[in-house]
Amino acid sequence: MTQADVIIVGGGLMGTASAFFLRQRGLSVILLERDLVGSHASGTNFGNVRRQGRFLPQLPLANRSRAIWGDLPGIIGEDSEFLPSGHLRIAFREEDEARLVAHAAAAREWGLDLDLITGNALRDRFPYLSPSARMASHSPLDGHANPRLAAPAFARAARRAGAVLHEGAAVLGIVKSAEDFVVETAIGAFRAPLLQISAGAWGGRIAAAFGEPVPITPAAPQMGVTEPMPYRIAPVMGIATTVKEEGVYLRQVKRGNIVFGGGARSEASLDTRRARLDPLNTLAQLPHLARLLPPIRALSIIRTWSGVEGYMADDIPVMGPSGKVTGLFYAFGFCGHGFQLGPGVGATMAELIATGHAGIPIEPFHISRFAQGPPG
Amino acid sequence: MTGLLHRVAEADRPPIRLSVDGREITALAGDTLLTALLVAGARLRDSEFGDGTRAGFCLMGACQDCWVWTEAGARLRACSTPAEPGMRILTGAAPWP
Amino acid sequence: MAVTGDGVIVVGAGPAGIRAAERLVAAGIRPTVVEESARDGGQIYRRQPEGFRRPPEALYGADSAKARALHEAAQALHPRVDWRPGTLVWAIRDGTLLVNRAGQHEALPFRHLILATGATDRIMPLPGWTLPGVTSLGGAQIALKAQGCVIGREPVFLGTGPLLYLVAWQYLKAGVAVRGVLDTSAFAKRVLAAPWLAARPGLLARGLAYTAALRRAGVRIATNITPLEVEGEDRVAALRWRDAAGVEHRAACDGIGMGYGLRPETQLADLAGCAFAFDGGARLWLPVTDGDGRSSVPCVYLAGDGAQIRGADAAELAGRLAACAALRDSGRAVDELEMATLRRRLAGMTRFRRGLERAFPYPAHLAADLPDETLVCRCEAITAGALRQAGGEYGAAEVNRAKAFSRTGMGRCQGRMCGPAAAEVLAAARGIPMAQAGRLRGAAPVKPLPLATEAAP
Ligand SMILES: Cc1cc2nc3c(=O)[nH]c(=O)nc-3n(C[C@H](O)[C@H](O)[C@H](O)COP(=O)(O)OP(=O)(O)OC[C@H]3O[C@@H](n4cnc5c(N)ncnc54)[C@H](O)[C@@H]3O)c2cc1C
Ligand SMILES: Cc1cc2nc3c(=O)[nH]c(=O)nc-3n(C[C@H](O)[C@H](O)[C@H](O)COP(=O)(O)OP(=O)(O)OC[C@H]3O[C@@H](n4cnc5c(N)ncnc54)[C@H](O)[C@@H]3O)c2cc1C
Numbered sequence: 001m002t003q004a005d006v007i008i009v010g011g012g013l014m015g016t017a018s019a020f021f022l023r024q025r026g027l028s029v030i031l032l033e034r035d036l037v038g039s040h041a042s043g044t045n046f047g048n049v050r051r052q053g054r055f056l057p058q059l060p061l062a063n064r065s066r067a068i069w070g071d072l073p074g075i076i077g078e079d080s081e082f083l084p085s086g087h088l089r090i091a092f093r094e095e096d097e098a099r100l101v102a103h104a105a106a107a108r109e110w111g112l113d114l115d116l117i118t119g120n121a122l123r124d125r126f127p128y129l130s131p132s133a134r135m136a137s138h139s140p141l142d143g144h145a146n147p148r149l150a151a152p153a154f155a156r157a158a159r160r161a162g163a164v165l166h167e168g169a170a171v172l173g174i175v176k177s178a179e180d181f182v183v184e185t186a187i188g189a190f191r192a193p194l195l196q197i198s199a200g201a202w203g204g205r206i207a208a209a210f211g212e213p214v215p216i217t218p219a220a221p222q223m224g225v226t227e228p229m230p231y232r233i234a235p236v237m238g239i240a241t242t243v244k245e246e247g248v249y250l251r252q253v254k255r256g257n258i259v260f261g262g263g264a265r266s267e268a269s270l271d272t273r274r275a276r277l278d279p280l281n282t283l284a285q286l287p288h289l290a291r292l293l294p295p296i297r298a299l300s301i302i303r304t305w306s307g308v309e310g311y312m313a314d315d316i317p318v319m320g321p322s323g324k325v326t327g328l329f330y331a332f333g334f335c336g337h338g339f340q341l342g343p344g345v346g347a348t349m350a351e352l353i354a355t356g357h358a359g360i361p362i363e364p365f366h367i368s369r370f371a372q373g374p375p376g
Numbered sequence: 001m002t003g004l005l006h007r008v009a010e011a012d013r014p015p016i017r018l019s020v021d022g023r024e025i026t027a028l029a030g031d032t033l034l035t036a037l038l039v040a041g042a043r044l045r046d047s048e049f050g051d052g053t054r055a056g057f058c059l060m061g062a063c064q065d066c067w068v069w070t071e072a073g074a075r076l077r078a079c080s081t082p083a084e085p086g087m088r089i090l091t092g093a094a095p096w097p
Numbered sequence: 001m002a003v004t005g006d007g008v009i010v011v012g013a014g015p016a017g018i019r020a021a022e023r024l025v026a027a028g029i030r031p032t033v034v035e036e037s038a039r040d041g042g043q044i045y046r047r048q049p050e051g052f053r054r055p056p057e058a059l060y061g062a063d064s065a066k067a068r069a070l071h072e073a074a075q076a077l078h079p080r081v082d083w084r085p086g087t088l089v090w091a092i093r094d095g096t097l098l099v100n101r102a103g104q105h106e107a108l109p110f111r112h113l114i115l116a117t118g119a120t121d122r123i124m125p126l127p128g129w130t131l132p133g134v135t136s137l138g139g140a141q142i143a144l145k146a147q148g149c150v151i152g153r154e155p156v157f158l159g160t161g162p163l164l165y166l167v168a169w170q171y172l173k174a175g176v177a178v179r180g181v182l183d184t185s186a187f188a189k190r191v192l193a194a195p196w197l198a199a200r201p202g203l204l205a206r207g208l209a210y211t212a213a214l215r216r217a218g219v220r221i222a223t224n225i226t227p228l229e230v231e232g233e234d235r236v237a238a239l240r241w242r243d244a245a246g247v248e249h250r251a252a253c254d255g256i257g258m259g260y261g262l263r264p265e266t267q268l269a270d271l272a273g274c275a276f277a278f279d280g281g282a283r284l285w286l287p288v289t290d291g292d293g294r295s296s297v298p299c300v301y302l303a304g305d306g307a308q309i310r311g312a313d314a315a316e317l318a319g320r321l322a323a324c325a326a327l328r329d330s331g332r333a334v335d336e337l338e339m340a341t342l343r344r345r346l347a348g349m350t351r352f353r354r355g356l357e358r359a360f361p362y363p364a365h366l367a368a369d370l371p372d373e374t375l376v377c378r379c380e381a382i383t384a385g386a387l388r389q390a391g392g393e394y395g396a397a398e399v400n401r402a403k404a405f406s407r408t409g410m411g412r413c414q415g416r417m418c419g420p421a422a423a424e425v426l427a428a429a430r431g432i433p434m435a436q437a438g439r440l441r442g443a444a445p446v447k448p449l450p451l452a453t454e455a456a457p
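Chains as they are written, first to last, in the UniProt record's numbering: chain A, 1 to 376; chain B, 1 to 97; chain C, 1 to 457.
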């Protein structure tokens, strides 16, 4: 099959989830992935399924996504190790505490309930936390999942539902003829009247080729994992701070390892498609991890890694229809927080492409926000 | 129970005493922690994944199968750590939250 | 940050690293030598701890003169190099080694880097191999050499390669009742490999002498065997195996030493960005070097078993040759005759190595028949079945993808133990050549890094 209703460029979580939900809506789909599905940001990320702390207008999308995460076995037949174990943002300073309070009040309006826990209650509930923690903002229904599994699981489900997925199919050029987009790839040409660009950090290059340049920078968040320990630390947790270096986070997987990340990022290259972790960043994470969870100091790190992620200048993604080309849709540049959103992005893009309506407000993410020149 | 390792040479070194899971053992100065524990017993730890007892494998710091806890909550790789008098080692439940 | 010690760093103080450092010192350079162990010597000439009294003859047998010479050379180097024992290189970044010594971190910039990181046992899993009492062959030897202990009073040795017979013989000499030497290679292979093995008649003769001594002592030696299972509750009780005629046996034993040759320790070469190529003879991915030890990365040199398994004598020569190459590349005069002589002597050893690969091939064929419930990755307790599922149902076409899906090779040892075997299991399950199954990519830290690590004062 070289022709379909929709062609999707990019097989990360955005592309594979979109392919799956487009099939649910009855459209035929061809997905073109240059490497392997889920092998870039979607397969290398931290695995946080976190809503709190987001840009508030993103919560409808995050809420929609959270509902899908909770029902993955029913929807795609496997759970990708999603664990709704709760999520803690922890403040060590008065001003960070104040920001947690303000965020909790504002998030409530967007349908996200957060508990603010302090003092003895904090230590009773989470005895392993640092005694110097002042306040935790607890999001009880957030959690984490296994990033290595999620996108391939959506890809398999999409295939079972009849989508055509090609790996090793680098998109080399796209032209729009009268009705169709003709997509040239390493394995031949494909055509469709509708086209979705979900090429992650590489999305900006394709948008630019359609005359819609955007300010996007690739960067590499720094990940690591400890040896396995008995499973005791249920919630995902991170330091709530405005100081970049302090912003570390961690989660214990049920098998026992503690995955962590945060702090300074290293460089990522769109051309080599590699993100090399800087081991000095790992060392810089250590004191902050020990502050967040003092018992972790006894453990050893057994592996580090990174991945290529696309960051927009305003820290929110590009999502929605093109401002210039009919039939063209974008979902890329998820700024280090797209894993949680992935299933919701898939459902929303499918609804948008199939019906013309996104079902939830996504206007803040429209690419035309950059048409008047990048924001100051 | 007899240990996994048996001394066949160099047995005239000065004795040292350690504690393993609360039990006193005697080892010899110059033993690695792995030697001390496995002359006296047949385990170093349990696999985290429920597949049974482990007692090291490579003895050269490569396989990482011989990490044990001290009672004070430190982690030691038994095959490359010299046994010291007074060490208090745990091979079972970890001092972990 | 200032480059110290003339900017030349040698990693590993085994035969290769010591001879490399010695050659650099002879040229007037003061290299930094970083070694994870507390003492120099490396694997084969591993030193026993202070206070042990066996003479080199008892420890190193026929190699005692070489051991003594190497230890003396190392001792003489200590004041002439920046000697850093007990120090692990755990990462490499932009011309800098990141090292950790007892929880203290330091960054060591280099201009020239010689990696002489050695090798460890190469493993083929079998059901029960994680039971207490099963060690690697190298481990069985270290227990004896470095600690004066044996892994059992009635042990069995399983695997293939010269080390199998050497260790069994060393145990015999230590007064142990060896209950069997079980070799997966057919004896006929040794005959066919004779023309290559003849490149080093002395070593060949020595190997034959060990076998003869074991036979004289009544030790059962079986070749072309198939290992089936290690039996035992909380410790080894027996090994089940099948002989060449298809008859099953059960050898009661209280210890098992197992190993199928060696695999080079290549993580640092990987982190340095060196290119790798599949070596069909060894069935391993090895870092690419020119004959003199230059890797694909300028100013990074590889020597000894860490580059290519050729044994201790070759490691000494390769270390010296790599140092010569580094000296020459940095603009110093090196006598061509010296390098040509080293190359010529190494050539014979390479030929011998090819003979060993033919005589004692890694038993890749066993991977296909490993029962699904066999643990392949002992760190994360991942079974052959889970690995096959990653390659089958989940479509992983090479080991890194299979690792992502199944966690094989993701544990504390970073795939040192299971990596080559996991690639064989995957290749067999998918019906693809081993070369296509790929190799696990290295990642920092190459060995566990304590979170409590702090900057050195
Ligand atoms: C290390 C790291 C940690 C992170 N942690 C979190 C977290 O904890 N929580 C969270 O919510 N988010 C996190 N993120 C962000 C999240 O992973 C991403 O936002 C999300 O996965 C983006 O998905 P994607 O499908 O847009 O991109 P990707 O997964 O990168 O997929 C894009 C795909 O497009 C393909 N492609 C590109 N160009 C072409 C072309 N020309 N032809 C064909 N195919 C092409 C690429 O090969 C790639 O597979 C993290 C990201 C990283 C890197
Ligand atoms: C158990 C065992 C027994 C052997 N017996 C024989 C034998 O009888 N005959 C024979 O010819 N060969 C034998 N070999 C092969 C033997 O390894 C080599 O012949 C010889 O020791 C190779 O010398 P080398 O210098 O290349 O490596 P090695 O002697 O292994 O030295 C490498 C050194 O590098 C250090 N190192 C590695 N990585 C790091 C790091 N990241 N940071 C700091 N330091 C590091 C190691 O601690 C080690 O000391 C044996 C190998 C093993 C494993």
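Hints are not guaranteed to be accurate.
[As the list claims (entries may be wrong)] Here are some of the chain C residues that sit facing chain B, going by a computed Cβ distance under 7 Å:
#: 1; residue: GLY139
#: 2; residue: GLN147
#: 3; residue: CYS149
#: 4; residue: LYS173
#: 5; residue: ALA174
#: 6; residue: ALA381
#: 7; residue: GLY385
#: 8; residue: GLN389
Since the hints were made in silico from the structure, they are not lab data. For each residue, glycine too, the CB sits at the ideal point set by N, CA and C.
Okay, the hints, checked on the actual structure:
1. Among the interface hints, the one on C:GLY139 holds; its C-beta lies about 4 Å from the nearest C-beta in chain B, closer than the 7 Å criterion.
2. The beta carbon of C:GLN147 comes within 5 Å of a beta carbon in chain B, closer than 7 Å, and the hint placing it at the interface holds.
3. A cut of 7 Å between beta carbons decides the hint on C:CYS149: the least distance to chain B is about 4 Å, and the hint holds.
4. Hint status for C:LYS173 relative to chain B: violated, with the closest Cβ pair at about 10 Å, above 7 Å.
5. Hint status for C:ALA174 relative to chain B: holds, with the closest Cβ pair at about 5 Å, below 7 Å.
6. The restraint placing C:ALA381 at the interface with chain B holds, with a minimum CB-CB distance near 4 Å, inside the 7 Å limit.
7. A distance limit of 7 Å between C-beta atoms decides the matter here; for C:GLY385 the minimum to chain B is near 14 Å, and the interface restraint is violated.
8. A hinted interface residue such as C:GLN389 counts as satisfied when its beta carbon comes closer than 7 Å to some beta carbon of chain B; here the least separation is about 17 Å, so the hint is violated.
Checked against the numbered hints above, the structure breaks hints 4, 7, 8 and satisfies the rest.
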